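J.: Turn these sequences into a full structure, and let the hints guide you.
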Amino acid sequence: MKVVRSIILGLASILLLSTGLAQAQILTDEAAAVASERGLSESDILAALKTYMPSGELDDYVMFSSGGQSGQVLVIGLPSMRLLKVIGVFSPESWQGWGYGTDAQEILASGSDNGVELTWGDTHHPALSETAGDYDGQYLFINDKANARVGVIDLRDFETKQIVKNPVANNDHGGAYVTPDTEWVIEGAQYSVPTSGTYASIDEYNEEYQGMVTFWKFNREQGRIDYDASFAMELPPYWQDIADAGKLVSDGWVFLNSINSERYTGGFEEGKSPFEVGASQNEFDYLHIINLDKASELVAAGRAETVNGFKVLPLETSAAEGVLFFAPEPKSPHGVDVTPDGKFIVVAGKLSPTVTAYSFQKIQDAIAKGTSEQDPYGIPILAFEDVVEAQVEIGLGPLHTQFDNQGYGYTSLFLESAVARWSLDGSSGEEPWTVVTKTPVNYNVGHITAAEGDTVSPDGNYLVSLNKWSVDRFVNVGPLLPQDLQLLDISKSGEQMQVLYDMPMGLAEPHYAQIIKADKLNPWQVYPETGWNPTTQAVDPIAAMPGEERIERDGDTVHIWMTAVRSRFNPERIEVKKGDRVVWHVTNIERAVDNVHGLALPDYNINLSLEPGEAQTFEFIADKEGVFTYYCSEFCSALHLEMAGYLMVSP
Amino acid sequence: MSPNSEQNSAVKRKARYLPSLFLGLAAILLVVSIFLPYWQITLFAPQYPGGLKAEAYVNRLEGDIEEIDRLNHYIGMHPLEHAARFERSMSIIAIATFALLVLAAIFVHNKWAALLALPAVLLPATFLLDLYLWLRNFGLNLDPSAPLSSSIEPFIPAVLGRSKIAQFGTLATLQSGAYLALAAALLTLMGLFFHRRAYKD
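So the protein sequences, as listed, match chains V and B.
Sequential numbering of the first sequence, starting at -9, is according to the numbering used here.
Sequential numbering of the second sequence, starting at 1070, is according to the numbering used here.
The hints are simulated quantities; they were obtained by calculation from the structure and are not laboratory data.
If you're wondering where the values come from, they're calculated on a predicted model, not measured in any experiment.
Note that CB positions come from ideal geometry on N, CA and C, so glycine has one too.
A few of these clues could be false.
[Claimed, not checked] Beta-carbon label-pair distances, calculated as ranges:
| # | chain 1 | residue 1 | chain 2 | residue 2 | range |
| --- | --- | --- | --- | --- | --- |
| 1 | V | R540 | B | N1206 | 25 to 35 angstroms |
| 2 | V | D546 | B | E1156 | 45 to 55 angstroms |
| 3 | V | W110 | B | Q1244 | 49 to 59 angstroms |
T.: Structure, rendered in structure tokens:
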């Protein structure tokens, strides 16, 4: 009996094993045929396996990328590199109805106070809100280099809630960066101008033009920047560049690069050197070392002056009170990035083939020791050799540095079109401060971003190289080529660092991006309650509610309370008189996930996106006589086309 | 009195705990069932990965009623809230009364006890019959002017088990409340059985 049973079991297992093998063989054959037909190498197949996302599987990470000249923020899933969303910030975005009728229009118009209506922005550096130096998934800040503005995005609904215009800066590049608990959002000005906004001859550049860094106070409870609690610091006109906040040991300090300590003023048309030459003469520019805690104390103590209604800490005060120090940095550098432990400040050389790591401790010692060196504005200059920990010969055109969880730094090499992996102070087990490997990228890499790679606890795993040129990577779509966002696998140590995926970005030129673990985000699927106002993030007392739909006339004003639900607007007929002011409240009373309605009133250039529960109010003067249709502009149901109505404007 | 009959009456006295126990328990279960769902129907379609649920309590409907009504209006079905209004308005008083009647049966030591307990015994079947009639009423009385009325035939969803309506698969199941009511009915029957034995002369 026992023998029979073991024979049966044995036969069964052979059968199972052989069918299993046959199965594996079939798959391998077919896959091998595809691979050979497409000429895929083993590493190509591996890359595909690491990035392919079967339908319904969700990405591990979410990348928030600046949208460059599109004035937007792009939301991309990793490792699939799929574009998940475009968030309208500084420019109108008609899908979301961003800037086509509602409160959003007012937010969008922020900063248009000098008489020019701003309808675009140049987003550069997104900054996720942090708690204790780690991303908390609550808010995102993004700068507009073009107009020196900062946008605030609420990550509960991925919508822009606020745009602040810097009243004392013409443009910015050193933002947005946040302090470890998001108390401050840093925005450094770039090209120096007279901050008062008045005219001054370029011959008076040294005296009348100023550099600037602004610290926006963030009120987390309100989800808004507190304009009145914010302040700026006057700086010498050195064309400040990228910034970063200290963390852990260096918490309370801010670091800011500069590229034109020559104070060169151009004049190529008059036979002078162009800026690119004139601003690149000095062997060293200045790393700005700012004691933010002390600066805010001085401002609280009333030491700021008021410029254009905004608090500005004068340069003399900063110099006298030990708020601002300089350290020489070679030469017209670009990125400044604080290591995860907060101990080192890494400056990428740009024109110097190095990254320079400054020790925060040495900076503190040098400040304590004092220095007799000063710049023309009386700012103390610390000695280079006193504050530098190490300098890594990294390659040509180093721009930006990120970090991982293995003790490596990663620096983009613009001229070499490569990403360099190098060891920090030895925690990687490699020889400290040396290049470990380089991976070529395609091509002309600007920023790079690693998973949570600028926080106190980077994740490693992935790095994205945001390349400026794609040249031959994609099908030719004319002379304006897509950007190439390349995903790199940085999970292994040593020399292994493979490019996994090329994502063409055909709508903008992203600059910096940040990558957050997807499970740190907890956005709403639908608005919490019907009648929700996304601007106040609360139920709107004037929202149109189901059962209360009506049209009321009050003198020359016609109020409409309208609901939208599959597949009808209520009311469907609206009659007004030419010249009436129309105040139109509309609520999407759906509760089902993804059941979005649009409200398009084309003749008045209105298009709203109404997400489930969302209430909006818009108004216009009915100055065009005639019969106009409004319709649902988001395909909502089988009877979507029937979801329409008439606005009749009689003489 | 013979020693034998003494023994008999002792057995009877002992057996009198049983009807009290069963009928008492039945009454408790009935009251508890008021707070639990009796029936649930889940609608499945590709765009609703979690399904849409309607849970019937004796006095109310819960779940994705709003969304189900939104969809139903395309085929001209009445809003679910319109169903069984009278029954739902009476249900709590009725079931509480049934439970009291079952308790009363403990103290009525003759065959009228069965009549008092009868409503509790019939409750599960009555519930299902009423449900069927309402499903039938709703499924067969579709508004002929509804947008999709031409593409869907009147139908009766399955009271229990699976059925298919347009793109939706439905799954209807009894829920904890109904199971308690069923248990109460069984306990009542058993209680009546022992009741009869205990008090039969």
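J.: What are the numbers of the hints that this structure violates, sorted from low to high?
T.: When the structure is compared with the hints, none of them turns out to be violated.
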